[in-house]
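A.B. asks: Single-letter residue listing:
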Amino acid sequence: NRDGGASGSDSTADSKATGAKVVLAVSTMNNPFFVTLRDGAVAEAEAKGISLDVSDAQNDASTQSNQLANAQAIGAKAVIVNPVDSDAVVPAVQRLVSASIPIIAVDRGVTGVEVASFISSDNVAGGRQAAEALAKAMGEKGKVLILQGVPGTSASRERGQGFAEGIKAFSDIQVVGQQTANFDRTQGLNVTSNLMQAHPDVTGIFAENDEMALGAIQALGAKAGKDVMVFGFDGTPDAMEAIQDGRMVGSIAQEPAELGKLAVDQAVNAINGDPVDETVPVPVTTVTKDNVAEFLQ
Amino acid sequence: MSSTTASTTGTTSTWDKVKHFLASNGALVGLVGLCILLFIATPVFLTGPNLLNVGIQAATVAIMAFGMTFVIVAAGIDLSVGSMAALAGMVSAYTFATSGWPGPIALIAGLLAGGLIGAVNGFANAYFRLPSFIATLAMLSIARGLTLVISQGLPLSTPESVNFLGSSLGPVPMPIVVMILAGAAAAFILRYTAIGRSMYAIGGNMEAARLAGIPVKKIQVTVFALSGLFSALAGMVLAGRLNTASPQAATGYELDAIAAVVIGGASLAGGVGKITGTVVGALLLAVIRNGLNILNVSSFWQQVVIGVVIAVAVGMDVMRRNEASH
Amino acid sequence: MSSTTASTTGTTSTWDKVKHFLASNGALVGLVGLCILLFIATPVFLTGPNLLNVGIQAATVAIMAFGMTFVIVAAGIDLSVGSMAALAGMVSAYTFATSGWPGPIALIAGLLAGGLIGAVNGFANAYFRLPSFIATLAMLSIARGLTLVISQGLPLSTPESVNFLGSSLGPVPMPIVVMILAGAAAAFILRYTAIGRSMYAIGGNMEAARLAGIPVKKIQVTVFALSGLFSALAGMVLAGRLNTASPQAATGYELDAIAAVVIGGASLAGGVGKITGTVVGALLLAVIRNGLNILNVSSFWQQVVIGVVIAVAVGMDVMRRNEASH
Amino acid sequence: MTTVALENVSKSFGPVKVIEDVSFTVEPGTVHVLLGENGAGKSTLIKMIAGIHQPDTGRVLLNGEPVTLTDPRAAERHGIATIHQELNLVPSLSVAENVLLGRLPTKRGLIDSRAMRQQAQKALDRIGLKVRLDRRVGELGIAQQQLIEIAKALSIDASVLILDEPTAALSSTETDQLFEIMETLKERGVAMIFISHHLDELPRIGDNVSVLRDGKCVAVVPASTEEAELVRLMVGRSIEDQFPRRRGTLGETLLEVSDLNSAGTLSNISFSVRAGEVLGIAGLVGAGRSEVLRAIAGADSYDSGTVIVDGTKVPPGRIPRAIAAGLGLVPEDRKAQGLVLGATVAENIGLATLFRRARAGLADLRGQRESAQRISEQLRIQMHSVDQQVKNLSGGNQQKVVFGRWSLANSRVMLLDEPTRGVDVGAKVEIYQLINEVTENGGAVVMVSSELPEVLAMSDRIAVMSGGQITGELDASTATQDSVMTLAVKNVDDTSEETA
Ligand SMILES: Nc1ncnc2c1ncn2[C@@H]1O[C@H](COP(=O)(O)OP(=O)(O)OP(=O)(O)O)[C@@H](O)[C@H]1O
Ligand SMILES: Nc1ncnc2c1ncn2[C@@H]1O[C@H](COP(=O)(O)OP(=O)(O)OP(=O)(O)O)[C@@H](O)[C@H]1O
Ligand SMILES: [Mg+2]
Ligand SMILES: [Mg+2]
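So the sequence lines, in the order shown, correspond to chains R, L, V and X.
Mapping the first sequence onto this note's numbering, position 147 (from 1) lands on 147, and the numbers just tick up by one.
Mapping the second sequence onto this note's numbering, position 81 (from 1) lands on 81, and the numbers just tick up by one.
Mapping the third sequence onto this note's numbering, position 32 (from 1) lands on 32, and the numbers just tick up by one.
Mapping the fourth sequence onto this note's numbering, position 279 (from 1) lands on 279, and the numbers just tick up by one.
Read the hints as simulated data drawn from the structure, not as lab findings.
Be aware that a few hints might be false.
Unchecked claim - Here chain L is said to cover these stretches of chain V; the calculated rule only asks that three of the stretch's residues, wherever they fall, bring their Cβ under 8 angstroms from a Cβ of chain L:
no., segment
1, 37–51
2, 136–142
3, 185–196
4, 299–309
For each residue, glycine too, the CB sits at the ideal point set by N, CA and C.
Given only the sequences and the hints, what does the whole structure look like? Please build it.
C.D. replies: Next comes the structure, spelled out in structure tokens:
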């Protein structure tokens with residue numbers, strides 16, 4: 001019945017998908033990364049002529065669960081979910097799956113559920129790459145601070161884990177402090193200022209996102225990029241600029257717009273009954289001054 | 001007026017009851033109005049599955065807000081409800097995972113943890129005379145920290161007994177069932193028990209309550225312990241819906257819970273408040289969010305609209321009450 | 001006691017003043033105690049640069065909390081301070097970026113936006129009789145939404161005039177300068193102006209103030225407008241420190257600001273509160289966070305410790321006051 | 001049957017010694033009266049029997065046995081019931097729940113609402129109070145609240161009953177009723193302690209009188225002692241004239257009220273007051289007297305009618321305009337409506353002139369302090385300093401502070417609602433002198449009072465109200481208690497307060 005309503009009117013290649021409703025459930029719009037992801041998705045949806053509803057869970061797993069339930073209620077033909085929490089999203093996704101609504105997971109997976117497609121960039125791998133790049137910038141020795149994200153979030157966990165694994169390889173680098181700045185730029189500024197008092201000899205800072213990294217370079221002032229190397233994660237426009245200026249040594253770019261675009265593409269395929277790629281890896285790129293130009297529009 | 005005939009009096013009295021119900025459940029008018037508007041805007045809103053959705057989505061905040069109603073009626077405030085909910089869920093998941101206790105025992109352990117933390121709030125408030133705002137603000141931070149410590153920041157799977165509370169029994173969603181049962185229990189406590197009545201007395205005039213021999217401090221501890229217990233229950237429903245106890249669960253829910261109670265007609269000055277009002281408040285919040293979602297209002301504008309709707313709903317209630325008093 | 005000689009009376013009176021100052025700025029004892037503990041734990045704490053750090057970090061919350069002090073003295077509450085701060089910064093950045101107005105005008109536009117939004121809060125509270133909790137909770141959501149709408153969710157660069165407020169003038173950090181000036185202005189308003197004095201009267205007994213001819217409603221509007229203005233100023237300092245107006249700036253700061261005021265000895269029931277107390281409250285919060293950072297306490301445990309320290313600091317103050325009254 | 005006694009009790013608050021070495025004994029079936037000026041320590045004394053304060057030294061004896069009363073509940077267990085001076089009611093709860101506050105009847109842990117209604121109704125019937133059991137107490141007038149407070153204490157089957165100024169808010173009818181009940185309690189052997197500032201009530205109900213001055217017991221005399229002697233013992237000097245009204249010549253009309261109507265409370269209220277004149281407004285509790293004053297002062301709005309003060313028309317519901325025109329309201333409940341209790345004497349006196357005296361937005365704090373100093377000397381307000389919080393002043397002195405506020409504001413028309421409620425004889429005379437000063441300086445006074453002798457002696461003209469209307473005006477020189485009462489009960493067909 002539901003499918004019948006959408007078909008029929010048009011018979012071109014994208015017939016089934018044209019005008020079909022797709023829901024994009026984003027974990028949070030409080031972070032430029034996800035705003036960019038959304039923009040990529042919205043642009044692609046326009047190009048493909050589908051109607052895309054975007055909902056923002058404000059980083060609350062149960063709000064997201066509510067929104068996924070709402071998606072079914074409004075008759076979405078496919079749902080793109082960017083889970084707040086890979087585990088917590090499972091029941092809501094399972095309900096959608098059992099209602100035969102194709103699910104495309106983006107950026108974070110859905111634990112133990114076979115979704116139609118999983119489009120991601122690997123946070124753990126990104127953390128490892130960050131460790132290597134930062135270590136190189138520090139001359140493979142010295143003391144490092146870590147600015148952690150909101151405790152208990154998967155992004156914080158995975159990036160932290162990857163970084164910890166990666167930095168182990170450098171025996172002359174020592175992590176002297178790790179403190180949370182909750183993914184927030186102001187807190188990145190405050191916490192860095194505080195930590196620099198206790199550890200004035202630090203030469204490297206890894207921040208689990210660019211917002212905190214940008215706060216950190218603000219705290220370091222003239223020292224940023226000269227005495228202390230700051231490395232971020234996400235590859236936001238502001239961070240790119242800071243890398244260009246030499247205040248930040250690098251970031252892990254995830255190409256969020258690409259994530260959003262690919263997710264919509266997979267959703268359209270799923271609705272049309274075209275083949276869907278089970279996993280679509282989007283490479284994470286280590287951005288440094290060397291290659292930053294490619295990322296600045 | 002005393003000259004009305006018996007039959008008229010009969011109808012009047014039913015009508016009076018309706019009027020009285022509306023008058024004392026003011027936000028209800030706002031809620032019904034909002035539902036009508038949403039129905040006009042999108043017929044999807046009034047379908048059975050969607051209404052069940054709204055109910056499920058209201059449940060967690062509503063259950064917390066029941067506990068909060070006790071606290072606010074007794075002229076206190078509890079900022080730690082969200083943290084207590086998260087802690088309770090985590091305690092269940094953790095004890096289940098590590099101690100090998102059966103699921104139901106783990107569930108009870110979680111609920112007890114909530115009640116205990118709540119009692120600590122009450123103790124700090126009643127015996128150490130910390131303003132409840134400060135005591136529970138501190139607990140907001142402490143309980144969240146403990147949740148992180150226990151879980152090491154990782155989400156944990158919850159036992160079947162907890163998941164049951166978040167699941168559906170056939171077509172009947174358990175969160176709604178739990179909300180109804182918890183609401184009935186809370187309303188019963190407030191209306192029919194001596195402890196419930198003394199909450200109103202304490203909130204309305206603490207000195208009078210004390211002089212009348214009401215054990216004020218003990219009741220304050222009870223009030224906060226109940227708030228902890230209801231929060232813990234809400235935490236179980238939340239974790240059950242997600243099959244996961246997340247260390248970040250229910251962050252920021254305190255404002256929603258307080259808003260539900262106040263929208264429902266309670267006064268932060270204490271002495272006034274009803275469970276029926278709180279239910280309406282919680283539903284109002286859930287309906288707003290659900291409606292904006294369905295209408296696909298941009299998430300940026302959504303926050304604007306939510307704020308306006310809350311202000312208008314409560315504003316209408318206030319104006320109606322003022323008119324009634326003239 | 002009246003038999004003391006003149007000279008003794010002299011010394012007593014200075015000592016009395018000190019005692020009185022300590023007694024009426026209770027949290028100060030907690031603050032000093034905490035500083036001593038931190039100094040023992042790590043000498044870094046008491047170095048000049050670190051103390052400046054603490055001052056800078058306290059500034060934003062302190063400036064907001066000055067505005068909040070007016071509100072709480074007048075028996076209200078303002079949950080929208082964080083959102084107003086973010087909106088004000090964004091308005092400055094946006095007008096600067098799009099209208100080509102000179103920086104200082106953009107700065108003033110932002111401040112006015114804050115004052116205006118605050119006045120709307122006050123209007124809703126005074127004339128539409130919305131409980132301030134609800135009016136400002138709605139505004140918390142509305143102002144944040146507007147910020148997101150204006151910025152389209154992306155951070156914007158702020159004009160030089162705003163950045164100046166976050167920078168250092170030689171060795172002197174401007175946030176501290178702004179905090180001191182704003183604090184002096186707030187203390188002056190509360191202590192010496194007719195409007196300030198009537199805030200205490202309104203908070204102490206609104207009906208008595210009304211019957212004595214105090215224009216209660218107008219002052220309520222003023223109080224919230226001032227809170228908006230101070231929040232906007234805090235928002236400027238915040239944005240200035242980062243050279244960026246972020247749509248998520250100052251999220252959740254309302255609890256910090258309220259806590260600073262209450263730790264400083266104000267009562268949420270109204271009628272009591274001082275700017276010096278508020279400063280101490282804000283410093284206490286900043287010192288705790290700075291200390292835990294320096295000591296590199298695990299981020300999981302940090303929240304536990306913050307909560308405990310807040311509870312203990314206020315608890316000591318409460319106990320001391322109770323003893324004094326015996 | 002319980003004999004209650006205090007033995008050499010003393011009590012200090014901080015450095016201030018409030019009670020010093022006081023002893024007395026109350027036998028079953030007798031009424032022991034405590035008499036003393038405001039702040040003499042009467043309430044503090046009885047609070048030591050009610051379990052609120054514990055004596056620093058000395059003992060409380062019940063039937064000769066020393067007892068320690070740690071809290072109000074312990075006192076109640078010993079059969080001691082107390083009607084406190086301050087109303088201790090919960091405004092948001094019903095009449096029934098307030099009457100049985102802390103003692104709600106339960107069945108298996110649940111409120112037994114039928115038993116509750118029965119017991120509450122019985123208690124109300126006993127004092128003849130006709131209000132619906134489910135009305136919220138906050139909606140009731142202060143007199144009715146006082147009666148509920150009394151019903152509350154009487155519903156405890158107490159062997160010792162303490163009554164701290166129960167008659168202050170009552171008019172004569174309710175007072176008579178209360179005394180009848182006290183008589184029956186006497187016969188049942190209840191020991192009672194009674195506090196009142198109405199000296200005429202003492203011989204009617206009392207047996208012995210302990211006179212307190214500055215926390216010390218200065219005499220124990222029989223209640224039949226002459227009033228003049230009691231006054232002398234109490235204030236340490238004699239008061240020649242209890243009602244020292246000085247009448248002068250009348251000037252032009254200062255206040256003209258015509259045809260004031262307010263749905264449900266007031267109908268067709270018209271009167272005028274001239275310079276130098278005191279208009280008394282008498283009536284029974286709930287007659288609407290307070291509403292008249294509040295409407296004139298702009299505290300409540302009204303539906304129709306005009307108020308003209310000194311030639312200026314005052315619009316309804318605009319307090320600042322009323323004050324600017326020269327009106328000053330001394331409200332009936334000084335704690336809830338008159339004073340900011342946590343603020344200082346100076347601030348309370350300066351409240352009405354705060355904005356008028358401000359220059360460039362700055363409060364004239366020095367001027368406020370100096371004026372407050374001058375005015376509190378004029379009004380002889382007893383205090384340590386004008387920087388003291390008003391909540392620490394005695395009742396009479398608090399009332400003078402409210403007076404002082406209008407004196408500073410140069411109000412020419414004073415609206416006084418029960419100005420001497422709870423005020424001791426000495427302070428009363430001083431308040432009467434204040435009224436004289438107002439009229440002698442060309443002002444006018446409207447005084448609502450439930451104390452007939454006061455209305456008769458201090459007014460020049462008396463308007464009597466009943467059911468929201470003025471039922472008659474009398475010349476004070478010819479009016480009698482009877483003629484006032486006749487008008488006060490006229491057309492009372494008030495059916496709004498039926499029993500449930
Ligand atoms: N809790 C307290 N703390 C400090 N001082 C107090 C306290 N209670 C009473 N006082 C002081 O003790 C004195 C006696 O007060 P009390 O209330 O017993 O007087 P009273 O004789 O009942 O006067 P009134 O006729 O006005 O009721 C007053 O000076 C009062 O200010
Ligand atoms: N807030 C209120 N809500 C409802 N009814 C009220 C309220 N205040 C007063 N009333 C009622 O209005 C009527 C007039 O009360 P009012 O206080 O004017 O009487 P009064 O003549 O001044 O007597 P009193 O000696 O009690 O002051 C009474 O029936 C009283 O119960
Ligand atoms: Mg007394
Ligand atoms: Mg009256």
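A.B. asks: Hint by hint, say whether it matches the structure.
C.D. replies: Checked hints:
Interface restraint, the segment 37–51 of chain V with chain L: violated (0 residues with C-beta to C-beta distance below 8 angstroms; minimum three). Counting residues of the segment 136–142 of chain V whose beta carbon lies closer than 8 angstroms to any beta carbon of chain L gives 6, which meets the minimum of three for the stated coverage. Counting residues of the segment 185–196 of chain V whose C-beta lies closer than 8 angstroms to any C-beta of chain L gives 0; at least three are required, and the coverage claim is violated. Coverage of the segment 299–309 of chain V by chain L holds [criterion: at least 3 residues with CB-CB distance below 8 angstroms; count 10].
Checked against the numbered hints above, the structure breaks hints 1, 3 and satisfies the rest.
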